[in-house]
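Engineer: Let's have the full structure, built from the sequences with the hints guiding it.
2 protein chains.
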Amino acid sequence: MTKLSGFPEFLPAERNVGLVVLDHLRSVFGLHGFASIETRAVEPMDTLLRKGEIDKEVYTIRRLHAADGDGGGDRGDVLALHFDLTVPFARYVVENAGKLDFPFRRYQIQKVWRGERPQQGRFREFVQADIDIVAKDELPIHFDVEIAQVMAEALAGLPVPPLTLQVSNRKILEGFYLGLGITEPTAVMPIVDKLDKVPADKIALLLQSDAGLTAAQAASCLALAGISAADDSFVAAVRALGVTHPLLDEGLEELRRVVVGAAGADGVEVVADLRIARGLDYYTGTVFETRMARYEHLGSICSGGRYDQLASDGKATYPGVGISLGVSRLLVPLIADGLTADRSVPSAVLVALIDEDTRPASVAVAVALRARGIPTEVAASAQKYGKQIRNAERRGIPFVWFPAPLDSEDEHQVKDIRSGDQADADPATWAPAATDLKPRILTPPAKEQNT
Amino acid sequence: MTKLSGFPEFLPAERNVGLVVLDHLRSVFGLHGFASIETRAVEPMDTLLRKGEIDKEVYTIRRLHAADGDGGGDRGDVLALHFDLTVPFARYVVENAGKLDFPFRRYQIQKVWRGERPQQGRFREFVQADIDIVAKDELPIHFDVEIAQVMAEALAGLPVPPLTLQVSNRKILEGFYLGLGITEPTAVMPIVDKLDKVPADKIALLLQSDAGLTAAQAASCLALAGISAADDSFVAAVRALGVTHPLLDEGLEELRRVVVGAAGADGVEVVADLRIARGLDYYTGTVFETRMARYEHLGSICSGGRYDQLASDGKATYPGVGISLGVSRLLVPLIADGLTADRSVPSAVLVALIDEDTRPASVAVAVALRARGIPTEVAASAQKYGKQIRNAERRGIPFVWFPAPLDSEDEHQVKDIRSGDQADADPATWAPAATDLKPRILTPPAKEQNT
Numbered sequence: 001m002t003k004l005s006g007f008p009e010f011l012p013a014e015r016n017v018g019l020v021v022l023d024h025l026r027s028v029f030g031l032h033g034f035a036s037i038e039t040r041a042v043e044p045m046d047t048l049l050r051k052g053e054i055d056k057e058v059y060t061i062r063r064l065h066a067a068d069g070d071g072g073g074d075r076g077d078v079l080a081l082h083f084d085l086t087v088p089f090a091r092y093v094v095e096n097a098g099k100l101d102f103p104f105r106r107y108q109i110q111k112v113w114r115g116e117r118p119q120q121g122r123f124r125e126f127v128q129a130d131i132d133i134v135a136k137d138e139l140p141i142h143f144d145v146e147i148a149q150v151m152a153e154a155l156a157g158l159p160v161p162p163l164t165l166q167v168s169n170r171k172i173l174e175g176f177y178l179g180l181g182i183t184e185p186t187a188v189m190p191i192v193d194k195l196d197k198v199p200a201d202k203i204a205l206l207l208q209s210d211a212g213l214t215a216a217q218a219a220s221c222l223a224l225a226g227i228s229a230a231d232d233s234f235v236a237a238v239r240a241l242g243v244t245h246p247l248l249d250e251g252l253e254e255l256r257r258v259v260v261g262a263a264g265a266d267g268v269e270v271v272a273d274l275r276i277a278r279g280l281d282y283y284t285g286t287v288f289e290t291r292m293a294r295y296e297h298l299g300s301i302c303s304g305g306r307y308d309q310l311a312s313d314g315k316a317t318y319p320g321v322g323i324s325l326g327v328s329r330l331l332v333p334l335i336a337d338g339l340t341a342d343r344s345v346p347s348a349v350l351v352a353l354i355d356e357d358t359r360p361a362s363v364a365v366a367v368a369l370r371a372r373g374i375p376t377e378v379a380a381s382a383q384k385y386g387k388q389i390r391n392a393e394r395r396g397i398p399f400v401w402f403p404a405p406l407d408s409e410d411e412h413q414v415k416d417i418r419s420g421d422q423a424d425a426d427p428a429t430w431a432p433a434a435t436d437l438k439p440r441i442l443t444p445p446a447k448e449q450n451t
Numbered sequence: 001m002t003k004l005s006g007f008p009e010f011l012p013a014e015r016n017v018g019l020v021v022l023d024h025l026r027s028v029f030g031l032h033g034f035a036s037i038e039t040r041a042v043e044p045m046d047t048l049l050r051k052g053e054i055d056k057e058v059y060t061i062r063r064l065h066a067a068d069g070d071g072g073g074d075r076g077d078v079l080a081l082h083f084d085l086t087v088p089f090a091r092y093v094v095e096n097a098g099k100l101d102f103p104f105r106r107y108q109i110q111k112v113w114r115g116e117r118p119q120q121g122r123f124r125e126f127v128q129a130d131i132d133i134v135a136k137d138e139l140p141i142h143f144d145v146e147i148a149q150v151m152a153e154a155l156a157g158l159p160v161p162p163l164t165l166q167v168s169n170r171k172i173l174e175g176f177y178l179g180l181g182i183t184e185p186t187a188v189m190p191i192v193d194k195l196d197k198v199p200a201d202k203i204a205l206l207l208q209s210d211a212g213l214t215a216a217q218a219a220s221c222l223a224l225a226g227i228s229a230a231d232d233s234f235v236a237a238v239r240a241l242g243v244t245h246p247l248l249d250e251g252l253e254e255l256r257r258v259v260v261g262a263a264g265a266d267g268v269e270v271v272a273d274l275r276i277a278r279g280l281d282y283y284t285g286t287v288f289e290t291r292m293a294r295y296e297h298l299g300s301i302c303s304g305g306r307y308d309q310l311a312s313d314g315k316a317t318y319p320g321v322g323i324s325l326g327v328s329r330l331l332v333p334l335i336a337d338g339l340t341a342d343r344s345v346p347s348a349v350l351v352a353l354i355d356e357d358t359r360p361a362s363v364a365v366a367v368a369l370r371a372r373g374i375p376t377e378v379a380a381s382a383q384k385y386g387k388q389i390r391n392a393e394r395r396g397i398p399f400v401w402f403p404a405p406l407d408s409e410d411e412h413q414v415k416d417i418r419s420g421d422q423a424d425a426d427p428a429t430w431a432p433a434a435t436d437l438k439p440r441i442l443t444p445p446a447k448e449q450n451t
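Just so you know, the protein sequences line up as chains S and L, in that order.
Following this note's numbering, the numbering of the first sequence begins with 1 at its first residue and continues without gaps.
Following this note's numbering, the numbering of the second sequence begins with 1 at its first residue and continues without gaps.
Mixed in with the good hints there might be a few duds.
Partial list, computed: chain S residues near chain L (C-beta under 8 Å) [stated by the list, open to error]:
| id | residue |
| --- | --- |
| 1 | P12 |
| 2 | E38 |
| 3 | R63 |
| 4 | D101 |
Each computed PhoX-like pair below joins lysine-lysine, with the alpha-carbon atoms no more than 20 Å apart [as the list claims (entries may be wrong)]:
| id | chain 1 | residue 1 | chain 2 | residue 2 |
| --- | --- | --- | --- | --- |
| 5 | S | K111 | L | K111 |
| 6 | S | K99 | L | K387 |
| 7 | S | K315 | S | K99 |
Keep in mind that the hints were calculated from the coordinates and are not lab data.
All values reported here derive from a predicted model rather than from experimental measurement.
From the three backbone atoms N, C-alpha and C, an ideal C-beta is built for every residue, glycine too.
Structural biologist: Structure (structure tokens):
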């Protein structure tokens with residue numbers, strides 16, 4: 001599908017899948033009052049480096065002939081492509097704080113770049129769709145619920161295998177660890193976060209060797225990480241472990257509200273899962289990850305959380321909560337497995353051409369149909385009708401229109417080339433079914449079997 | 001508007017202008033059967049350099065820690081950001097030729113980057129919207145007509161000052177120059193193309209000093225460049241100059257068809273203008289430029305033409321015709337002059353909050369409205385109603401919804417905060433006017449005066 005590893009491109013029918021998905025996301029985000037913004041693709045290195053560890057994955061840019069020193073100066077002047085949409089958004093919020101109304105809901109759908117080694121679900125250029133809500137000074141927990149609800153609703157409308165939105169809360173983990181007498185809880189989280197890839201008994205040993213835990217403490221941490229539930233029963237399960245701490249109580253209540261509040265979107269299960277910690281990230285409360293059935297090897301396809309400290313301008317702090325859908329991580333593997341659209345063009349109708357002299361008559365039909373919102377093209381050349389029909393068929397265009405010959409008593413006719421049905425039609429009134437107006441997604445057989 | 005010169009960003013209300021424009025462009029292009037594609041932002045240097053002279057404006061990219069040699073190899077391995085959408089599209093066509101159906105109509109709306117010195121209408125990061133039609137081996141002239149028609153229709157729907165789509169044809173210029181006895185017509189075009197910036201008498205001297213023309217030849221070239229007309233009268237005007245050549249005849253007939261065929265889009269005048277030559281570009285026939293009234297200093301905001309030789313894979317040639325709209329070049333100056341939207345959010349309704357305990361009741365109203373496609377948000381906090389209304393007003397949200405208090409006989413009520421009208425309403429049936437569903441563009445006073 002691509003000749004430059006890690007930079008996926010799509011053929012037109014595959015691209016139509018992406019358009020359907022992006023239109024759906026924009027529609028759901030907009031219905032919930034999230035404003036669209038775009039940030040420039042480029043940030044100064046020092047803005048990007050605030051986050052720290054991602055350093056090595058950044059692509060810097062410079063002018064090929066930077067004779068005037070542009071791009072060749074010290075590190076403060078170096079520009080780089082953004083590697084996510086959260087860091088640029090935080091910069092945008094602080095830069096425009098005086099002109100924005102808080103709480104500020106925004107969505108942002110853009111390409112980002114990382115110089116990682118390409119592999120399944122990991123690209124060097126990819127599209128992310130982020131929603132965030134940022135407030136000034138204080139952001140109540142109902143916004144965490146809202147973020148989960150909106151993304152669950154967005155995910156539920158996608159043509160993909162079943163999804164599980166896993167929610168946890170850093171305060172639970174930190175409070176629990178503190179309650180256990182662990183003095184450095186932040187050393188524990190990155191180790192527990194590896195439970196995906198490393199067996200539990202190994203994690204127990206790492207917790208002792210690298211984070212200085214006792215065997216009993218390590219066992220308790222693993223017991224906590226083992227708790228998951230699709231309802232608020234996780235609260236009792238945590239209590240049963242016998243650990244108490246005020247921060248733990250706070251986290252349990254926050255997580256309860258998110259899990260209960262976001263439940264109920266068709267095709268997306270929302271679960272409390274205390275294994276989720278989000279490694280070294282900047283989250284301070286709620287954290288999200290998302291797994292896709294049969295594509296668990298992709299890791300989380302939609303992640304985020306609450307960050308109380310990400311954006312600050314010295315005078316004010318802008319706490320936020322958000323979640324980022326990896327559109328490319330989700331779609332590229334599904335498309336490689338056969339997810340596609342029923343057509344490679346937007347056209348619902350191909351107007352046939354009798355001969356080159358009567359092209360204006362065919363164009364007039366197309367103009368009449370387009371005026372009523374029906375995507376229409378006129379045949380490229382006056383081949384035999386059989387060839388014109390096959391040309392439409394090859395591209396998935398459902399209807400071929402045969403203009404009435406000039407000076408004849410005949411009516412216009414339109415043929416549904418899927419059924420073969422052909423009937424008289426008037427360019428001023430005829431319309432296809434609403435479902436034929438736009439490209440439709442064709443799910444591959446695997447999806448039909450399992451869902 | 002931006003803190004990094006040449007990288008424009010928008011506030012949410014301004015961004016809504018961009019969204020309206022992009023949705024309109026996508027809609028028109030799709031109605032005409034143009035398929036959407038996106039190419040990666042990055043190309044190998046040797047793909048970009050095929051075009052030649054743009055070399056100095058390219059941004060190269062490299063991984064910050066390219067220890068494995070990635071990005072640090074010889075020039076063939078160097079990656080750069082694309083500087084237009086035509087060169088990547090030509091690469092895409094050749095790479096996927098076996099999987100595409102020709103003639104292939106596509107639109108492509110993406111950011112591009114150029115390391116130019118930023119100035120009015122010139123940016124380092126900007127958005128272009130391109131349409132092209134590419135065929136295999138042969139592309140009849142009616143596709144040039146189609147490209148002009150589609151872009152004229154797209155431009156006609158934009159909230160901008162009046163536009164003039166200027167069309168010329170390289171064959172006219174080349175045939176005319178050959179008919180005059182000039183042996184190197186390609187030396188003449190770049191000089192005539194400077195008529196924008198350099199006075200005609202200087203151009204006449206340059207044609208003699210730099211292109212070796214006689215004073216009479218130079219005068220004839222300038223006479224040709226002086227011809228423009230909104231109909232096919234330009235043909236007679238050219239004939240009256242007394243020059244004959246078969247290529248001139250061919251070009252005149254092609255241009256006549258484009259100008260006559262594309263006329264008639266409201267708010268966009270299509271004119272034959274023989275001053276247009278498109279400098280050093282790769283065009284072989286039709287050429288397009290576009291001027292905007294009162295913003296002539298921006299230069300052409302929408303340019304393109306016929307390129308018979310751009311894409312080739314050795315076995316086949318893929319002639320094309322296309323035109324590229326500079327979306328940023330168009331919008332950034334207009335927005336700086338006051339073009340904006342009536343709201344900074346997509347929300348049409350703000351559901352007020354009685355108190356935090358009844359948030360679920362307010363959320364239920366929002367859910368009911370969204371289910372019928374009405375963008376709705378719930379108030380962030382239970383401030384006094386006056387404050388909640390002012391919050392909606394500040395962001396341009398036209399309606400505030402007051403939920404019926406629980407255990408009361410009262411109805412829900414909705415207030416149009418522009419008129420002050422307030423009335424009972426049912427969340428299951430109430431709807432705003434269709435024009436209130438989406439952000440509307442507010443044109444600045446200058447536009448209203450002059451158009």
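Engineer: Checking each numbered hint in turn, tell me which of them this model violates, lowest number first.
Structural biologist: none
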